[in-house]
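If you read the protein sequences in the order shown, they are chains F and B. Sequence positions in the first sequence follow the numbering used here and run 1 to 230. Sequence positions in the second sequence follow the numbering used here and run 1001 to 1256.
These are computed hints drawn from the structure, not numbers from a lab. By construction, the Cβ of each residue, glycine as well, lies at the ideal position given by its N, Cα and C atoms. Any given hint could be a false lead.
[To be verified] SDA-like mimics (lysine to any residue), calculated; alpha carbons at most 25 Å apart, straight line: (1) B/LYS1075 <-> F/ARG146; (2) B/LYS1075 <-> F/PRO45; (3) F/LYS25 <-> F/LEU54; (4) B/LYS1075 <-> B/SER1056; (5) F/LYS25 <-> F/GLY223; (6) B/LYS1075 <-> F/HIS213; (7) B/LYS1076 <-> F/GLU210; (8) B/LYS1075 <-> F/LEU9; (9) B/LYS1075 <-> F/TYR221; (10) B/LYS1076 <-> F/TYR221; (11) B/LYS1076 <-> F/ARG146; (12) B/LYS1075 <-> F/GLY209; (13) B/LYS1075 <-> F/LYS120; (14) F/LYS25 <-> B/ASP1137; (15) B/LYS1075 <-> F/PRO77; (16) F/LYS25 <-> B/ARG1138; (17) B/LYS1076 <-> F/ALA138; (18) F/LYS120 <-> F/LEU9; (19) B/LYS1075 <-> F/ASP222; (20) F/LYS120 <-> F/PRO77; (21) B/LYS1076 <-> F/ASP222; (22) B/LYS1076 <-> F/GLY223; (23) B/LYS1075 <-> F/ARG224; (24) B/LYS1076 <-> F/GLY66; (25) B/LYS1075 <-> B/GLU1058; (26) F/LYS120 <-> F/GLY66; (27) B/LYS1076 <-> F/VAL167.
[As the list claims (entries may be wrong)] Stretch-level coverage of chain F by chain B, calculated; a stretch enters the list once three of its residues show a Cβ under 8 Å from a Cβ in chain B: (28) 58-64; (29) 70-76; (30) 157-163; (31) 199-212.
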Amino acid sequence: MGAGHGHRLHFHGHSVVHRAPAHLKILGLLGFALVVVATPREWYPVFGGYLLVLLGVLALARVPLGYVLPRMVIEVPFLLFAALIPFVAEGPRVALSMPGGWELTVSESGLVAAWGLAVKGTLGVLASLTLAATTEPADVLQGLQRLRFPDLLVQIMSFMIRYLDVVTADLGRMITAMRSRGVDPRSPRHWPALARTLGALFVRSYERGERVHLAMLSRGYDGRLPEQAR
Amino acid sequence: MTPVLDVRGLAFAYPDGHQALFGVDLHVHAGERVALLGPNGAGKTTLVLHLNGILSGETGHGEGSVTVSGLPVTKKNLLEIRRRVGIVFQDPDDQLFMGSVRADVAFGPANLGLRGPELDQRVMAALEQVGMADDADRPPHHLSFGQRRRVAIATVLAMEPEILVLDEPSSNLDPASRRELADILRSLDITVLMVTHDLPYALELCPRSVVLSQGRVVADAATYDVLTDEALMRAHRLELPWGFDPRSIPVDSLPG
């Protein structure tokens, strides 16, 4: 089966950070994110401090920056949006001198807003990646359970983690089969076929969901996952 | 003696009107290993889903009864019925849904109310039986297909069922895994009903075979006799693999 091994966000290790109880780490992440969001964006040096804290945790966990940084690309669409704000926002304009000898006038308040969005977003993503790199998905779920997170949501998340690889492998096989019949998924001419594949994938996954539910009922499932036997 | 499995006059039509079973009678006694044979669309899966009450007259239009060691399959008895009848589904990915092998095997017995050391013991005993005890802490999706099938069997064994129902146990296995699974099934001291298209596998493991065709039982005899009855085989779309002749197998190597 083509399922990828391991979760792509977790960095195996045995540091203090890795061994810390998951629910404390989740609370730590939540607290950190709230503090970052609540900090006025004009307090520029403070954000440097936050960054140092995160880098310190990563160093303590012995997770190389080269591992975390490429995974931050998930933030790119968000940064693009932030970069647009100075151009579309209202208010007094400032001129920025550009390397080519010309000037760019942008909204001053927009610039500050963009900075705020970008820095807070980046810190949040970096902090979340730190949690993901040092905590196995199953432990995150257990931590959430210990924090009295609604049971149904924990169940849904655990199934998502379990079946992500299976569904991705399903999709991979379907695309391979399409390629074998002369479809190029990158060419817009074939996008309708690709869309139908996604529809088929949805139906397949839905049917798999039904079969999983049958298998669960067959083993006495009564709407609640038992405490994991660990 | 009360049969482990006693199916009487079972008929069933799906809500869309498709009639899958027309009065099936089937008895399986303790310690037997029985193969359930039949072409695609014969109603084998429908029958299997009746054995633990997933399907019943209450979910479609049905008649007849299923009794497991004297206990009728009704809504009131469902939990006990599902403990007694362990179904291993065809695709292990449908059956293994927890984060680790251990948690998955514990799922069933935990639903029966087992906790703590008793639960651990049950889990490890089931994994021992299928030779997967060393992989207890791995996530199921990291295992090979053959290993996943064995864990799927362990998830059901952990409930200490009275009858193990296997849906196509040898499908998608390489020959070595297929043989290993046969060794495991032979080593289990449990009643088995095995749904399969793999006729040599049925001959190897099950002394008795039941043939289901178009929703009816059309034969119930020694597996050897079924496989060598050419008229019966042809009439119900059953075919031996090319080059395989049951008559060429020494009698004393047949089961039971």
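Status of the hints after comparison with the structure:
The straight-line distance between the Cα atoms of B/LYS1075 and F/ARG146 is roughly 34 Å, outside the 25 Å bound, and the hint therefore fails. Distance check on the hinted pair: B/LYS1075 and F/PRO45 sit about 66 Å apart at the alpha-carbon level, beyond 25 Å; violated. Under the criterion of a C-alpha separation no larger than 25 Å, the hint pairing F/LYS25 with F/LEU54 is consistent with the structure, at around 13 Å. Taking the CA atoms of B/LYS1075 and B/SER1056, the gap is about 9 Å. The hint holds against a cut of 25 Å.
For the given pair, F/LYS25 sits about 28 Å from F/GLY223 by alpha-carbon distance, which is inconsistent with the 25 Å threshold. Taken as a hint, the B/LYS1075 and F/HIS213 pair is honoured in the structure, with Cα atoms around 17 Å apart against an allowance of 25 Å. The hinted pair formed by B/LYS1076 and F/GLU210 meets the criterion: a straight-line CA distance of about 23 Å does not exceed 25 Å. For the suggested pair B/LYS1075 and F/LEU9, the alpha carbons sit about 44 Å apart, so the restraint of at most 25 Å is broken.
About 14 Å separates the Cα atoms of B/LYS1075 and F/TYR221, which keeps this hinted pair within 25 Å; it holds. Among the hinted pairs, B/LYS1076 with F/TYR221 is consistent with the structure: their alpha-carbon atoms are about 15 Å apart, no more than 25 Å. Of the pairs offered as hints, the one joining B/LYS1076 and F/ARG146 is violated, with about 33 Å between alpha carbons and a cut-off of 25 Å exceeded. The hinted pair formed by B/LYS1075 and F/GLY209 meets the criterion: a straight-line CA distance of about 23 Å does not exceed 25 Å.
Straight-line distance between C-alpha atoms of B/LYS1075 and F/LYS120 comes to about 55 Å, which puts the hinted pair past the 25 Å bound. Distance hint between F/LYS25 and B/ASP1137 is fulfilled; the C-alpha atoms sit about 23 Å from each other, no more than 25 Å. In summary, the hint linking B/LYS1075 to F/PRO77 is not supported, as the alpha carbons are separated by about 52 Å, beyond the 25 Å threshold. Our distance criterion of 25 Å between C-alpha atoms is met by F/LYS25 and B/ARG1138, whose separation comes to about 23 Å.
Using a Cα cut-off of 25 Å, the hinted pair B/LYS1076 and F/ALA138 is violated, with the two alpha carbons roughly 35 Å apart. Only pairs whose Cα atoms come within 25 Å are accepted, and F/LYS120 paired with F/LEU9 is accepted, the gap being roughly 21 Å. The suggested pairing of B/LYS1075 with F/ASP222 holds, with an alpha-carbon distance near 13 Å, which does not exceed 25 Å. Proximity of F/LYS120 to F/PRO77 is assessed by CA-CA distance (about 15 Å); at most 25 Å being required, the pair is judged to hold.
Our distance criterion of 25 Å between C-alpha atoms is met by B/LYS1076 and F/ASP222, whose separation comes to about 14 Å. Annotation: proposed proximity of B/LYS1076 to F/GLY223 holds, straight-line Cα distance about 17 Å (limit 25 Å). At most 25 Å may separate the alpha-carbon atoms for a hinted pair to count; B/LYS1075 and F/ARG224 meet this at roughly 19 Å. The straight-line distance between the Cα atoms of B/LYS1076 and F/GLY66 is roughly 58 Å, outside the 25 Å bound, and the hint therefore fails.
Distance check on the hinted pair: B/LYS1075 and B/GLU1058 sit about 9 Å apart at the alpha-carbon level, within 25 Å; holds. For the suggested pair F/LYS120 and F/GLY66, the alpha carbons sit about 21 Å apart, so the restraint of at most 25 Å is met. A C-alpha spacing of about 36 Å is found between B/LYS1076 and F/VAL167, which places the hinted pair above 25 Å, so the restraint is violated. Counting residues of the region 58-64 of chain F whose beta carbon lies closer than 8 Å to any beta carbon of chain B gives 0, which falls short of the minimum of three for the stated coverage.
Against chain B, the region 70-76 of chain F contributes 0 residues with a C-beta closer than 8 Å to a partner C-beta. That does not satisfy the three-residue criterion, and the hint is violated. Residues of the region 157-163 of chain F with a Cβ under 8 Å from some Cβ of chain B number 5, which satisfies the need for three, so the listed coverage holds. Counting residues of the region 199-212 of chain F whose CB falls under 8 Å from any CB of chain B gives 3; the rule of at least 3 is met.
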